[in-house]
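What follows is the residue order along each chain.
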Amino acid sequence: MTWDTDFAISILPELMRGLWVTIQAVALGMSIALVLGLGWALARRSPRRFLAWPASAFVEVVRSTPLLVQIYFLYYALPSIGLRLSAFPTGVLALGLHYSTYATEVYRAGIESVPRGQWEASRAVNLTRAETYRHVILPQAIPPVVPALGNYLIAMFKDTPMLSAITVLEILRRSQIIGKESFRFLEPLTIVGIAYLLLSLLSARLVSRLERHLGRIQAPGLEGATS
Amino acid sequence: MSEPLLRIRGLEKRYGDLVVLDQLDLDVEAGEKVAIIGPSGSGKSTLLRVLMTLERPDGGTIEIGGESLWSMERKGRTVFADEAYLHRMRRRLGMVFQHFHLFPHLDVLRNITLAPELTQDVNRAEAETRARELLELVGLTEKAGARPHQLSGGQKQRVAIARALALRPDILLCDEVTSALDPELVGEVLGVLREISRRGDQTMLIVTHEMRFARDIADRLLFFDQGRIIEEGKPEKVLTAPEEDRTREFLRHILSDDLP
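Note that the protein sequences, when read in sequence, are chains A and B. Residue 14 in this note's numbering sits at position 14 of the first sequence, with consecutive numbering throughout. Counting from 1 along the second sequence, just add 227 to a position and that's the residue number in this note's numbering.
Since the hints were derived computationally from the structure, they do not count as laboratory data. Possibly wrong hints are sitting among the right ones.
To give a feel for the contact side, a few chain B residues facing chain A, derived at Cβ under 10 angstroms [stated by the list, open to error]: (1) Leu-281; (2) His-326; (3) Gln-347; (4) Ala-391.
These numbers were taken from a predicted model, which means no experiment stands behind them. For glycine and all other residues, C-beta sits at the position ideal for the given N, C-alpha and C.
So here's chain A without its partners, still in its complex pose (with noise of 0.2 angstroms):
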């Protein structure tokens, strides 16, 4: 079997239409995973068991199983308790959930790399705790941990497959049942190979240039003493 580039022309819009599923998917699991890590880290550092508590076994349960046993539980499981959502939505809750366990170990680490004495700072200006972690503590412990977060949008991509496991057209599922139809895999399984490779190499240009903008917000100072 050799390569066969007219078909590998003709099967791309295809395969581009598999692959804006995938970026769909990661778009919104990540969005979901970065706003519930938040959730986590604030639910477990806070004072009131009844919050900590449930966030941090939610947070061990989710990280000891695997993402496809997640992705199964999420779309067979949960419809006989009257849960029904359709593949993508699925999948999508299934990548925010499992990644917001990893996200709120990197949210962890920001927080408490912030001093103590911007905490009693804090009080002693008479910031409440809302105020505080809103105004003082996590601009300080964020931007430090973009490029760690960073590397969890770069894995969740890589596992955007599993998706094609509940029946999620995303690239890797097209891939195959064109395989299947044209008998020729070289092509489909290729191209697939390098999207990946460039979304890859995509999201950690974006997350170095978030980085950059991020230092710049933090450090004007030091951006105006060079100039």
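Given the structure of chain A, go ahead and fit chain B onto it with the hints provided.
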């Protein structure tokens, strides 16, 4: 006799078996400047930290303007203060720390305006007007747009003083505010505190190792040792003619090289 602004009775703080504040009694009148000296570990900083509600006391009472700081009434019973109650009481206190603790991600002006804007009923413009007045007081008008990392230690501490004053606290707590500074920067910070003190009505509790400063600024000097006030009185008197052996010994140690 008028009710003191700050009234402390039987205050206790322990870390495990270590007694840091031992049945401490203290009254401070409104407008009074009280300097606290004593060896390290004698409980002076802990007293300020308990007052600022950064540490919980293990016993005793603190009243500010007749209101209890650490306990509240609920259904006819006296209970430990909850966060909402502490939030209300903290309005009456401000603190300047040894290590400044400025907010590094905010410029100087925002460091000062953040809390008034969030916790008091002032808008951004009013808060900034007040902040610029305070920057003038501490001599840093031209640094309003600077970030903390661009400032010297002395400048940082002057911003921290402005930040504390922006909330118009009844009592300003100063915790060894020059101890982290290079010697040549100490003067500018003490100068600012002298100026604030000279203006009269600000009640101040100052933990310090600067004896000359304590003598100049304080109406009353307390000597702390092992969680107790061993000796107190007019600064001149305590510094030059202490009655207690421990005070004398401490002063001999600390003043051997800089008695004015």
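Evaluation of the provided hints:
Contact between Leu-281(B) and chain A, as hinted, is supported at the beta carbon level, the nearest pair being about 5 angstroms apart and thus within 10 angstroms. The beta carbon of His-326(B) comes within 6 angstroms of a beta carbon in chain A, closer than 10 angstroms, and the hint placing it at the interface holds. At a threshold of 10 angstroms, the smallest CB-CB gap from Gln-347(B) to chain A is about 9 angstroms, leaving the interface hint in force. This hint holds: Ala-391(B) has a C-beta 7 angstroms from the nearest C-beta of chain A, less than the 10 angstroms allowed.
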